[in-house]
Amino acid sequence: MTDSHETGGTGSTRSRRVPLAWLGLTPFLAYVTLVFLVPIGFILFEAFRRTTTTGATRDPVTQQFVKHSETTFTLDNIHDSLQGIYRTSLVTSVKLSAITAILGAIFGLLLATAVVSSSSAFLRQVVTSAAAVTANFGGIPLAFLFIATLDANSGIVTLFLQDHFGISLQDDLGLQLPELSGLSLVYLYFLIPLMVLVMAPALEGLKPQWAEAAENLGASRWTYWRLVAAPVLLPSFLGAVLLLFCSAFSAYATAYAINSAFPLITIRIDAVLSGNVLAGQGNLGAALALLMIVFVLPLTVIYQLLQRRTSRWLA
Amino acid sequence: MTAGLGDVAGPADLAVTPRRPSAAARRSRNGRYGRWLILTVAGIYFLGPLIAAIAFTLKDSQGGITFTAYRDIFTTSNGQTTLGGALVYSLLISAVTIVITLGLMLPTQLLVHLRLPGWRPFVETLTLLPLVFPPIVLVVGVSNVYAWAAPPTGAAAGTQESAIFHVLRFLREDSHPLLLALLYVILAMPFTYRALDSGIRAIDAQTLSEAARNLGAGWFTVLFRVLMPCLRTALVNAAFLCFALVMGEFTIAAILLYTRPFPVWLAQLPTTSGQVQAAISVFSLLLVEVILLVLGALNVRRPASRKE
Amino acid sequence: MSSLPITTPLSESSFAVGSGATVEYRGVRRVFGAMSALDGLDLRIAPGELLALLGPSGCGKTTALRLLAGFDTPTEGDVLVDGQDVSHTPANKRDMGMVFQSYSLFPTMSATDNVAFGLRMRGQGTRDRRERAGELLELVGLAEHAKKYPHQLSGGQQQRVALARALAVRPRVLLLDEPLSALDAKVREQLRDEIRRIQLELGVTTVFVTHDQEEALSMADRVGVMRSGRLEQCDVPAVLYDRPATPFVAEFVGTMNHIPGRTEEGGRVRVLGQVLPGDAEGTAPPPGTAVDVLVRPEAVVVQAASADQGDAVVMVSTFRGSSVRMRLALRDGSEVLADVASHRAAELATGTHVSISLLDRPVLLAT
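From first to last, the protein sequence lines stand for chains A, B and C. 1 is the number of the first residue of the first sequence in this note's numbering; add one for each residue after it. 316 is the number of the first residue of the second sequence in this note's numbering; add one for each residue after it. 624 is the number of the first residue of the third sequence in this note's numbering; add one for each residue after it.
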């Protein structure tokens, strides 16, 4: 796109036009660097440092004790982040995320097929926007919704089952809101919609001609799904499972509101940070954050690769 | 709560065009029963907690109905502010976030689209990074930055505070939480980028700007009088995404010890106000849902202006 | 409606199907709510015949095809294959092969696996069906692309694979739903000939749906022209072209001039100063009636003339390769299209005064 009438408010001369375009990118690059890359960089850096007090000396002038400390590079933070309660939290987080990701994927896929094959545009609209809401916005309000429903003492459903059927949510159904079982149920509330949002386009990408051609060639409905549709959907599905996992893994608000003592790695990070922000605990927090990154980053890469594969077929 | 990677829809994407399901789908009777079964179960699961929460808010200690929860909504406080204060606080933050986002992303994306197409993959990858690093990770990083910039503990009083720390402290200030707005711009970036990108691609900004410049318009005119009006839907989309994100964001605000943003306020209400919390939760979810539906409906009516 | 199909004897090749099936539509109606897509279709297709269903969008040709394929059921009437009513047989049991307009190849399978799919459904072993798939891919000229995936093939190649896939199962009837519409012009022409060649070689009864009349006329044994759910005329291409049964067919197939004239005694008509025999089937209109005379552009003879003797002026000339189509303006302002051999175009440039006459042949009349 050449134009020799470059006037504009910049008052640039033609020879400086191209560098000027690059310059236009600076605000964005600077912003992302300062507000995002720098903090992330700090994590990578601080995760490997620790400040220890080496002693205290008395300042001759003010007669106050002045602490001396030394900051060294160490793997201690990483080590500590894999011990004791942190280890438990990591394991629990992975467990919760994996369970809810798989369950969410299955139920989400079923719901997505039900929605996509429906002829009611209204239904599709409602479900899609509801999905967008809960997937993006849930968090705290969601927690209170479920507390109102399933709280061990005052939850509506809890009391209903108790009074009318004599069923105890905890003893008979093994469902406790502040524990893994209950939290899984809550997580599904925003994971299933996320799955629907991701899979609906993939399902709509299934060309009706494939189903008709398969039928024409003698395939039953089930055979079509097994041999034609499933292979096409597989990359999307797997990618969606990863997406759900990462989403559950990174979640904080909902679990915190329901049970702030539940051993999740995100809640642990908060505890570490709010314990003592300005002292060495910050490094442990960084180590924990690094741990999370180590989990999430590879999964993201795999997800992107799967996405690329899908788009090739659905093009 | 971040939605994670990939194609999360904005309101404009929700404009659903009526579609005739394939003959095979229509004919499958078993499929139809199965579909209704799934939808019913889903309906129970998703609407159940909402209904239960509403019932919860109306419960009376004697088993009757009371509306005290709804009466108290406006007066309950978390020690810092009431509902109105919290909403306004978050609203203002979201307004600032929207302004920064649009002011930063729109020109940048237009620039890349029109002049620097080679940079597109790079920019796009950058905008996806916040999805890879969850908010909790980002806030850890921010804490670390603050820890580094702060004067060391135990230092004698009167030690010179660095200029950086001055700035950081100013940003973090409770009365004008610019720090939150700045961080939320980053959090929203993957979604706002995509919303604006869809818009820019849909209107074929290249052709429009070339046509305008061919007719003699300067870049300023092209941007403000030609492109922006056409991008209205995308801008509204992006703004709404920011709004929804800010109004719902808890993690960063809570860990940075803010008390007045709406979700934090809601979570920190005294435990005695369970009914009020439930009531507000129901309202906020329903409200956002309604707004999205309205926006979606408005978008469906635009097809006439869309190119095929 | 003539009913004599043009068929060529089946070849002795190993691909021969034997005799193709007969297909019959009997009083078929298909109604969608208030709209009737098919309004009484009666049609018989002979074994081995290639019948083209031609018409504008919405005329019902695709509906008719899908009823035959089994993707739809008629509201009324029967669809018979080899004398048996198949209206209630499910699509996957009808033993037909269908080629869709586009996108029908299974994306996660190679060309070979795509072609072998129907055989797999019929329980053939892997080696057998791979072998047969290979034979068919060779038949359509894609032997060296056997392992490629659909996204690695061009549009024309994909449609060839689709054709091979449909033929692999030795179908009783081959159904083609506008298979060439999505392809480039040159590819379209090539494939057109190939499809016809293969169809003749295999002797399979074929129904070919298209909106492109050139395609229909060049490929088919018979062409059925449809409009608004009804079959207007079904004849061999030559008859369709020379003796259209209805005004719609006259317009739709080829181009037709409408020149005002007046009938005279003995079934003749006076038009443009000439008297020509009229060719009205059934009763001719009474003498003295004002009629429209339907004349093809190639039946209009154009000669250069002087300004005062000429009937018309050349307004636009469109070069079309072997002929030039001219738009001539008559003295009364109406227009006539004429096709002139290209080598004469120089003497008949735009603006030239010309005299026109019509070939001395029976002409169609429309009231």
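Hint data in this document are derived by calculation from the structure and do not stem from the laboratory. Among the hints, a few may not be true.
Derived EDC-like pairs: lysine to aspartate or glutamate, alpha-carbon spacing no greater than 20 Å straight-line [as the list claims (entries may be wrong)]: (1) A/K207 with C/D736; (2) B/K374 with A/D163; (3) A/K207 with C/E801.
Hints, verified against the model:
| no. | hint | verdict |
| --- | --- | --- |
| 1 | A/K207 with C/D736 | holds (18 Å) |
| 2 | B/K374 with A/D163 | holds (15 Å) |
| 3 | A/K207 with C/E801 | holds (17 Å) |
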